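Kindly produce the complete structure, drawing on both the sequences and the hints.
Protein chains: 2
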Amino acid sequence: MEFAELIKTATVEHVQLSCPGLPPVKGTLCVTSHHLLLSSQPGGHGEPGAEELWLLIRNVDAVEKSVQNLGWYQPSRTNRSQQETRVVNSLGTITLKCKDLKVLQLEIPGMEECLNIASSIEALSSVDSVMSMYPFFYRPRSMKLTDGWQLYPLQHYYQQITALTGAWRLSCVNQEFTICASYPPAVVVPAAVDDNVLKKAARFRQGGRFPVLSYYHKKNGTVMLRSSQPLIGPNKKHCQEDQLLLSACLAGRERGFIIDTRSAQAAKQARVMGGGTEPRSSYPCWRRLHRPLERGRPLQESFMKLVEACNDPSLSMDRWLSKLESSKWLAHVKGALSTACLAAQCMEREEAGVLVHGAEGTDTTLLVTALAQVILDPDCRTLTGFQGLLEREWIQAGHPFHSRCTRSAYSHARLKQEAPVFLLFLDCVRQLGRQFPLSLQFSERLLLVLFEHTYASCYGTFLCNSEKERCLCEVKEKTHSLWSWLNQPSERQDLLNPLYTHNPLVIWPSVAPQSLQLWQGLFLRWIRSSHYLEEAWAEIQCLVTGCEEVPGEHAGHAQCHSPPDAAPPRTLTETGSKG
Amino acid sequence: MEFAELIKTATVEHVQLSCPGLPPVKGTLCVTSHHLLLSSQPGGHGEPGAEELWLLIRNVDAVEKSVQNLGWYQPSRTNRSQQETRVVNSLGTITLKCKDLKVLQLEIPGMEECLNIASSIEALSSVDSVMSMYPFFYRPRSMKLTDGWQLYPLQHYYQQITALTGAWRLSCVNQEFTICASYPPAVVVPAAVDDNVLKKAARFRQGGRFPVLSYYHKKNGTVMLRSSQPLIGPNKKHCQEDQLLLSACLAGRERGFIIDTRSAQAAKQARVMGGGTEPRSSYPCWRRLHRPLERGRPLQESFMKLVEACNDPSLSMDRWLSKLESSKWLAHVKGALSTACLAAQCMEREEAGVLVHGAEGTDTTLLVTALAQVILDPDCRTLTGFQGLLEREWIQAGHPFHSRCTRSAYSHARLKQEAPVFLLFLDCVRQLGRQFPLSLQFSERLLLVLFEHTYASCYGTFLCNSEKERCLCEVKEKTHSLWSWLNQPSERQDLLNPLYTHNPLVIWPSVAPQSLQLWQGLFLRWIRSSHYLEEAWAEIQCLVTGCEEVPGEHAGHAQCHSPPDAAPPRTLTETGSKG
Chain Z
1 MEFAELIKTA
11 TVEHVQLSCP
21 GLPPVKGTLC
31 VTSHHLLLSS
41 QPGGHGEPGA
51 EELWLLIRNV
61 DAVEKSVQNL
71 GWYQPSRTNR
81 SQQETRVVNS
91 LGTITLKCKD
101 LKVLQLEIPG
111 MEECLNIASS
121 IEALSSVDSV
131 MSMYPFFYRP
141 RSMKLTDGWQ
151 LYPLQHYYQQ
161 ITALTGAWRL
171 SCVNQEFTIC
181 ASYPPAVVVP
191 AAVDDNVLKK
201 AARFRQGGRF
211 PVLSYYHKKN
221 GTVMLRSSQP
231 LIGPNKKHCQ
241 EDQLLLSACL
251 AGRERGFIID
261 TRSAQAAKQA
271 RVMGGGTEPR
281 SSYPCWRRLH
291 RPLERGRPLQ
301 ESFMKLVEAC
311 NDPSLSMDRW
321 LSKLESSKWL
331 AHVKGALSTA
341 CLAAQCMERE
351 EAGVLVHGAE
361 GTDTTLLVTA
371 LAQVILDPDC
381 RTLTGFQGLL
391 EREWIQAGHP
401 FHSRCTRSAY
411 SHARLKQEAP
421 VFLLFLDCVR
431 QLGRQFPLSL
441 QFSERLLLVL
451 FEHTYASCYG
461 TFLCNSEKER
471 CLCEVKEKTH
481 SLWSWLNQPS
491 ERQDLLNPLY
501 THNPLVIWPS
511 VAPQSLQLWQ
521 GLFLRWIRSS
531 HYLEEAWAEI
541 QCLVTGCEEV
551 PGEHAGHAQC
561 HSPPDAAPPR
571 TLTETGSKG
Chain R
1001 MEFAELIKTA
1011 TVEHVQLSCP
1021 GLPPVKGTLC
1031 VTSHHLLLSS
1041 QPGGHGEPGA
1051 EELWLLIRNV
1061 DAVEKSVQNL
1071 GWYQPSRTNR
1081 SQQETRVVNS
1091 LGTITLKCKD
1101 LKVLQLEIPG
1111 MEECLNIASS
1121 IEALSSVDSV
1131 MSMYPFFYRP
1141 RSMKLTDGWQ
1151 LYPLQHYYQQ
1161 ITALTGAWRL
1171 SCVNQEFTIC
1181 ASYPPAVVVP
1191 AAVDDNVLKK
1201 AARFRQGGRF
1211 PVLSYYHKKN
1221 GTVMLRSSQP
1231 LIGPNKKHCQ
1241 EDQLLLSACL
1251 AGRERGFIID
1261 TRSAQAAKQA
1271 RVMGGGTEPR
1281 SSYPCWRRLH
1291 RPLERGRPLQ
1301 ESFMKLVEAC
1311 NDPSLSMDRW
1321 LSKLESSKWL
1331 AHVKGALSTA
1341 CLAAQCMERE
1351 EAGVLVHGAE
1361 GTDTTLLVTA
1371 LAQVILDPDC
1381 RTLTGFQGLL
1391 EREWIQAGHP
1401 FHSRCTRSAY
1411 SHARLKQEAP
1421 VFLLFLDCVR
1431 QLGRQFPLSL
1441 QFSERLLLVL
1451 FEHTYASCYG
1461 TFLCNSEKER
1471 CLCEVKEKTH
1481 SLWSWLNQPS
1491 ERQDLLNPLY
1501 THNPLVIWPS
1511 VAPQSLQLWQ
1521 GLFLRWIRSS
1531 HYLEEAWAEI
1541 QCLVTGCEEV
1551 PGEHAGHAQC
1561 HSPPDAAPPR
1571 TLTETGSKG
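Heads up: the protein sequence lines correspond to chains Z and R, in order. Everything in the first sequence is counted per my numbering, starting at 1 for the first residue and increasing by one. Everything in the second sequence is counted per my numbering, starting at 1001 for the first residue and increasing by one.
Fair warning: there could be bad hints in the mix.
As the list claims (entries may be wrong) - Derived Cβ-Cβ restraints for the label pairs, each shown as a range:
#1 Z:Pro284 <-> R:Asp1312: 18 to 28 Å
#2 R:Asn1503 <-> Z:Thr501: 35 to 45 Å
#3 R:Asp1318 <-> Z:Arg288: 25 to 35 Å
#4 Z:Ala264 <-> R:Asp1318: 14 to 24 Å
#5 Z:Glu350 <-> R:Asn1503: 47 to 57 Å
#6 R:Ala1264 <-> Z:Ser33: 55 to 65 Å
#7 R:Ser1338 <-> Z:Asn89: 14 to 24 Å
#8 Z:Glu350 <-> R:Ser1066: 26 to 36 Å
#9 Z:Thr501 <-> R:Leu1505: 28 to 38 Å
#10 R:Asp1318 <-> Z:Asp312: 13 to 23 Å
#11 Z:Asn220 <-> R:His1014: 33 to 43 Å
#12 R:Leu1505 <-> Z:Met131: 44 to 54 Å
As the list claims (entries may be wrong) - Covered stretches of chain Z, going by a simulated chain R footprint (3 or more residues, C-beta under 8 Å):
#13 301-315
#14 320-328
#15 509-518
Everything labelled a hint here was simulated from the structure, so no lab data went into it. Remember, predicted model here, so these are calculated numbers, not experimental data. Where a beta carbon is used, it is the ideal one built from N, C-alpha and C, also for glycine.
Right under this line is the structure:
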């Protein structure tokens, strides 16, 4: 077994774990293939007073170690035995910086043990093979493997549209992932266009991502489409099938808007590498709008800078505000929300079709189309509808979660493809929730859970980069779905917004910089105790349900004792959030 | 009558009033001695569809006017009649910037009328004589003049202390305001010290503000005192009575802390002007801590800069954050909260006595002592207890409300003594409320009401600079008390925090800059609609009271029709806050 080779020391006694906002716990530390386990009484699982703290090793973003000599002698070259005594009397400290932004400290007696534990954690947390990851081993007693994976079939969503209009059809042209590696097998396209046209249009779009239906606005029948950039290239190629497809998408309407998530200059420069953007001459009914949104490395750096600033306890108010500014995170939030509003306005107010794309069409494109749907469509603002939206517009639409979320804000590793595009989406949804406290059926807690599970999870939902990869890895056969856990009645209760009332209107957010605020619930979650805020939330929940006791989350430390088949990644989370 | 002379034009028809977040209203504008009144149907008060909007003229901070020609002709020197036509056809716009930060626009047909109305408003809003102000004319039917003024007698509060310990007594040494012009007639001092000592100690303190008891910490019997600076002067004077008084305050405890709200350097420099700070040699049991807090002009400028930044719709995220930073407002919030925490820690953790003073002892001193009490004492966190705290530590303690709150953030007038020290206190309390959502019995709404009434009110509570002045003006005989209005059951209901549960503990706030946020409810109140947030609040209130209908505030526009004896300053406020 590969894992056993990576574990240099499996058990150390008298280890102390510290975590902000929690009294330190002392006990026996065990390293297993997928978890760090600290038992506060050796072998005392289930005994009174015993405590078990579990941490999914995949959650570890960075490991830092330091060794401190406990017995201090004058160094003496002639006295070798004293030198040896010093080594034995050392205390090692391992700082674990987690992908969910939590920071833990382990104090381990003995230098060798400390170094062994640290390198075991480093090795285990860096295993890159998807099929070696914990979701493939996680087998909770209460859940069946097949549950949840069929909760949000695309076919079902699109049947709702085809029931309303004959202008669209479900195409299985990508059944074998041969036309587009990052698209799901079924996509919705204009009924007037046959699969041969699609195949040719796909060859004219980067990665084969030809324009497909993203959202049908029932109120006025306008549509939002998404794709990747057209392969115009330096020789200004054109493709009749692509033009035909986009014309058909307008379905008789006079005009549409192409929202390009790059600047006009960047879109033009992309021609050098074979890409580009739709020239007016070939697409006369479409008007192009450029709204540059950051992604990739600059977005990852913004995230890292913000987290660094949030974690710095030494900042003055001036320094903090200037670091917050220079991280540019809130500017990215503003940019994403503004562009989503623009797309929504084109549909709702201009009654025009919209095509959104950047370059690959897998990052900022999905950010804009998904956000616009939350703004426009009350169905996407329910707990179930929002999960369906994530499934449709992020997971099946081919956002490369594996590449984007391998490392989080703390990693010193060489970052390749990491970028918190999905986190930026969650932050924008949180801003909507703050501005419209009654209009989202789900609470901030769902957004926090989603953030955690994109980076480290016992469920398979966010594994791999595309449906094609998930099929190859048999994710749906061999792992559990996050949705089946979240939709259990007990969990669902905790994710609901007690103030929710159905709001059939479009929710137009204020995108003025004055209105947008740091998401404290996420970025300061482990820094200052959110105990009192959680208490207030629980109180509101109680008022709504009419119950006397504080529900779920707030019922005490019970969940810390859970064995790993009862959602282990939550345990340290739960514990950490108590004051 | 003085007012009639100031009103150049009393009535203009066809005036349009615009206010952000409210559809424009057209009607007849009347200027009365104290109010601007816009009736949407002339003389139609009470008729269906009629609307009356009232604005207390005292609330106007700045008047800006512009005139626009409606009929535009080619200028021609030979044609005089056309020139005249142009003047008649002009439309004047008056922008009223209010002290509660609201901005209104009046469109007035006719240049002369516009200029007359503008200068009438300017003159009426600048009347400086206290006894000409509206509280002396306001006579609501439902209230008796004497109500409310006896709600929070100092004597009653101090009797609670003298019941617990014999170490303190109530002194009437200042009965005739002869010892200290800014102190109330009764103060609490050590029982061991007689009035002759107080008289001599008073002469050694600026403005006669000798050390008096501010707060008695029941839990461990420690005390907080406040005073002004000692009059050390360039010749290093000392005063045995002052030393005796401060020794007696320690009541056998080994040490106390003097928290000076100026820097060590500023305190030393104050000697040139006759002031200074307590030298260690004369006060051996007291340890001095310097925590410089801004006040006066720099604080007023910070407030003005912040409001300007909040009102600027053209800012990018970067520019906004950098303007927020350069306003330094949040740094002042952090400074005030940190210093209050320090005072609270000295008492709660070090079990030591505390004396707080800056220079005059009427601004940052009160900010610190009042905030420390909210942090330490659960009684100060109830609706009644908080009103009592304001009465004791701000109004009776001689914060010069009249001088500090004559002009607000918009005024172009030459500012003299203005400074938003009390607003800074309210902002700090709001931060406490946000961090401890269950621990304050009152809601944000109370803080907003208090902010409004310090700058413009129909009640006498915040008039004048001291008890002495209030006695001279017979404020308690001739005006109504704000407390008697706020404590009416219908009003009280709206001011309560539905989530409140008694919390006997000290509430230690996080003063990390990351934890402190702009008070959007105040600073963005008129800029973006708070409709949805109010709705959420009303929903929580409903849940608690178990009622079906939305209470008070949210029952519609009813209150806009009220005649001025039903709390007129609220009317435009109410209207403005609807989306």
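Check each numbered hint from earlier against the structure, then list the numbers of those it violates in ascending order. Hint check: 1, 2 and 7 fail, others pass.
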